[in-house]
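First to last, the protein sequences are chains P and L.
Note that the working numbering gives residue 69 to position 69 of the first sequence, counting from 1, and the numbers run on in steps of one.
Note that the working numbering gives residue 53 to position 53 of the second sequence, counting from 1, and the numbers run on in steps of one.
In short, the hints are calculated from the structure, not lab data.
This structure is a prediction, so every number in the text was calculated from the model and none was measured.
There are no misleading hints in this set.
If you want a taste of the chain P side facing chain L, the calculated C-beta under 8 Å gives, among others:
{"hint": "1", "residue": "Tyr31"}
{"hint": "2", "residue": "Gly40"}
{"hint": "3", "residue": "Leu43"}
{"hint": "4", "residue": "Tyr50"}
{"hint": "5", "residue": "Asp106"}
{"hint": "6", "residue": "Gly107"}
Here chain L is said to cover these stretches of chain P; the calculated rule only asks that three of the stretch's residues, wherever they fall, bring their Cβ under 8 Å from a Cβ of chain L:
{"hint": "7", "segment": "53-66"}
{"hint": "8", "segment": "84-96"}
A virtual CB, placed ideally from N, CA and C, is assigned to each residue, including glycine.
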Amino acid sequence: DAGITQSPRHKVTETGTPVTLRCHQTENHRYMYWYRQDPGHGLRLIHYSYGVKDTDKGEVSDGYSVSRSKTEDFLLTLESATSSQTSVYFCAISGGAVGQPQHFGDGTRLSIL
Amino acid sequence: QQPVQSPQAVILREGEDAVINCSSSKALYSVHWYRQKHGEAPIFLMILLKGGEQKGHDKISASFNEKKQQSSLYLTASQLSYSGTYFCGTEISNNAGNMLTFGGGTRLMVKP
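Build the full structure now, drawing on both the sequences and the hints.
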């Protein structure tokens, strides 16, 4: 199994609070991704990173920011959480550019009340 | 734009075959297939590359029609362990970030 650890695995918080999710990998892969998964929508890309301090927006980036200060860590921050951000969040990693598989972490279930 | 998967759901008896389709409106470089069991992470199954050969392992195989921008996943002699939701992820050409756009999923249930 790819060495990907997401933390926390579960979190319940209130609207308006900041939330940070962490993805840690031990594979030394260049590419890292954050997805959210909601019923009926499949997996949607929030942000991705193609190297240390190199990030870009995905399909549903509004309300989220990311940072990558080390190869192994990719952080997703909700500056002021809203109920619409209640979801399951998955981190994924990939070793190359085009045509490479992505491997997923176990996910973080986030509930915003 | 999200690729379209069909059917949305299918119920099989053990030993039966199934086909799951994935169709895109964009020119594709590759199609990735994943399976996800309830409460777990998606697990990579295989990649179909433009110009590549049909892939497969065990009783699961897939094809990629580049002209139609369609891929199909074939599950032969299904086993109980095949149950789960199958997602295709499409990668467009010249995609330097290896970004995937996922379909909405096909829920497969295999019954004894």
